[in-house]
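Got chain A sorted already, so can you dock chains B and C onto it with the hints?
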Amino acid sequence: MSLYGNLILASYASEAVKQGSVVVGIVSKTHAVLVALKRNAEELSSYQKKVIAIDEHLGLALAGLASDARVLSNFMKQQSLSSRLTYGRAIPLERLVSSIGDRAQTNTQHYGKRPYGVGLLVAGVDETGPHLFEFQPSGMTQEMVACAIGARSQMARTYLERNLEKFADCGREELVKHGLRALKESLAQDKELTVENCSVGVVGVRAEGKTAIEAFKLYDGQEVKQWVELVAEGAEGAEESMEVDS
Amino acid sequence: MNHLPQAWGRPRDDVYGAYDASYLQSNGPNQHTQSPVVTGTSVVALKFKDGVVIAADNLASYGSLARFTDVKRLRTFADTSVVGFGGDVSDMQYLDRLLNSLDTEEAYGTSGHTLNAKNLHTYLAKVFYKRRSDFNPLWNQVLVAGLDGEGKPFLASADLLGTTFSSPSLATGFGAHLAQPLLRKVAPDEEAAAHLSKEQALEAVKESMKVLFYRDARSLDKYSIAVVTKAGIELKEDEKLEKQSWAFADQIRGYGTQVN
Amino acid sequence: MSAMFSQNPLMNGPNYSFNQAPSTASGGHKQHGFYPYTDNGGSTLAISGTDFTIVAGDTRSTSGYNINTRYAPKVFKIGGTTDSQDDATLVLSVVGFAADGHALKERLDAIVKMYRYQHGKPMSVKACAQRLSTILYGKRFFPYYVTAILGGLDEEGKGAVYSYDPVGSYEREQCRAAGAAASLIMPFLDNQVNFKNQYIPESGAGHALAEREKIPLPRNEVEDLVKDAFDSAVERHIEVGDGLLMMIITKDGIEEVFKPLKKD
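Protein chains in written order, with the UniProt record's numbering: chain A, 1 to 246; chain B, 1 to 260; chain C, 1 to 264.
Because the hints were derived from the structure by calculation, they are not lab data. Careful: at least some of the hints might be erroneous.
To be verified - Just some of the chain A residues that point at chain B, by a computed CB distance under 8 Å:
no., residue
1, Thr86
2, Tyr87
3, Gly88
4, Arg89
5, Pro92
6, Glu94
7, Arg95
8, Glu127
9, Thr211
Think of the CB as a built atom: it goes at the ideal place given N, C-alpha and C, for glycine as much as any other residue.
Extracted from the complex, chain A is given alone in its bound form (with noise of 0.2 Å):
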């Protein structure tokens, strides 16, 4: 602890979020989407995985130490397996959300233990309809209506506000592009979305208030690309951007 009160460790823990390529995250009556913007390390590697499916029922988007989130992942797979045995049952958001939260604040507490270099964003559905939930490596955690973080967050946050009326009505197709042109807003000035550089993640329920649900698919390359080319620039209507612009 530092003399002005903060946790320095879990500040550069939120340090090493901030690092972290961006990813949004939004909610409608219907469905909730993960959309993150990958990163390749070099010319020559391969790009990160930022998306990762944990359940039929939910997924999580990572900005920052991705072995970090490798971890919670496995964990959170465990915790909704494990539910599924018990009471067979889909493991409820918030419990899952807030027991990856306990974990992450007792690493802050405790000598020798280091806080996770990582923010999550988890987005599923359960019987109370579509969620999304925000981690951060103090252990906080809090549902969002819509949400970014990592690297210029900022600007996609930004966009989510200006529309944040818009979403609830969303369905599936128009959330995902809600969520890309968020991507697109916090892009570094000469980048553009493209196939390789996108993951898109979604989950819902059938309809509105049914307990049937379109399990949590992950879309990467090529399936992405019919989504990258409808915001594409150009593509968007005039008005589209005009309304972004007002």
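Structure of chains B and C alone, referenced to chain A:
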């Protein structure tokens, strides 16, 4: 499983032959429950169009002694499910406490209750199976009644060995012999059960309770009965058997002082 | 019956009325042990073909002379990514003590699901078969009281059936029957699937008779064979009946077929 809780969890004589008494252990260390003490008899239940009817009498026997005559063997869970207990009463009380703590734990989530009857049954079956695997069984057979995740009527059994099964009608103990045939006549399959009205189901279950009282020496004419539907649980714990007819009794020959 | 009463030392606890002479071993104060198993009856069967495998089981669950339920499947899809197991590629059948069967199925399913999560591809039957063997052997001294059969398609896309004993000894076979009516069904399968004791008429004298050529059976014939096997078993075994659940594994996925059996 036959009608004697004392016989549950034992190798079947007709399969394995009479138990070789020389295997009886003399006092070893760390003895777990090896037999039930105070026991409840049958639980009967039947699915219908929009829910489940479940009943059990209010007697707890100590061997052949009718020891406690006001023991409630149906317990509700989260206003959505009912569990009916047959077998050892102290193990029933333990499970009651266990379910209370599960209920409390569940209620802490802001989303409220999320465990339906199906989830509850899965959980109970795991508890039973764990305990039998530890050689420390909970000497019960239970029926869980309520609704599943899709809001459809749910009825299933779990017992001291961890065995589970589900059926349109179920009965434990003596009821498996006496009540189940009557209930299967009313609801031979899921299809038939889905057409039964609440009144028809109630009548069939009450009739079963009556037959059980006629023929099961460890039963009582005071019973509890519950109806679980989407609307909630109607639980009555002080019902009395109606319209009994013992006219058949003097026709019985061959027992007691009568010879012919 | 008297044996099951005798665990209650007469003077020591509650007793039912009749026939309760306490039997004692040498010395002192006695208690009966708890027996952690029961037999829930039923039968299972699996046959592999050139590009398919059929795993089947009846749906009756019994305890003694009672029928617990007419619908309790013994055949399960394993290792799908969803609750409905739509994308599963393996099938496990278990018969014997149903609670152990259920526990075994759930354990294997969890393992195969974790494998798929970690490797991003389904487990092969061969790998799963070996893993199942180690699971069973892991409880060598408190076994899962079940006869398991694992079905799927091998790396070449051919039908594969692996059969087990309760403690994990296993082998790949063309076909296998297990459970209460195994002894009724297996000889029928030997004859009809592997053409045992079938000779070509007038191909020689006595032992010189030529055996009938072994040919792989087409799927529709195998389906009929399975139904015939169970119909016959139902006639002669009281613990078999009510319904027949078949899982047919092909490269396009797993098809589920339910057929009624006699309920008597």
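Against the structure, the hints come out as follows:
Evaluation of the Thr86(A) hint against chain B yields a held restraint, the C-beta minimum of about 6 Å falling below 8 Å. Satisfaction of the interface hint for Tyr87(A) is found here, the shortest Cβ-Cβ separation to chain B being roughly 4 Å, below the 8 Å cut-off. Evaluation of the Gly88(A) hint against chain B yields a held restraint, the C-beta minimum of about 4 Å falling below 8 Å. Because the beta carbon of Arg89(A) sits about 5 Å from the nearest beta carbon in chain B, less than 8 Å, this interface hint is met.
With a least beta-carbon distance of about 6 Å to chain B, the hint placing Pro92(A) at the interface is held under the 8 Å criterion. Taken as an interface hint, Glu94(A) checks out: its beta carbon lies about 6 Å from the nearest beta carbon of chain B, inside 8 Å. Taken as an interface hint, Arg95(A) checks out: its beta carbon lies about 6 Å from the nearest beta carbon of chain B, inside 8 Å. Because the beta carbon of Glu127(A) sits about 5 Å from the nearest beta carbon in chain B, less than 8 Å, this interface hint is met.
Checking Thr211(A) against chain B: minimum C-beta separation of about 6 Å stays under 8 Å; hint holds.
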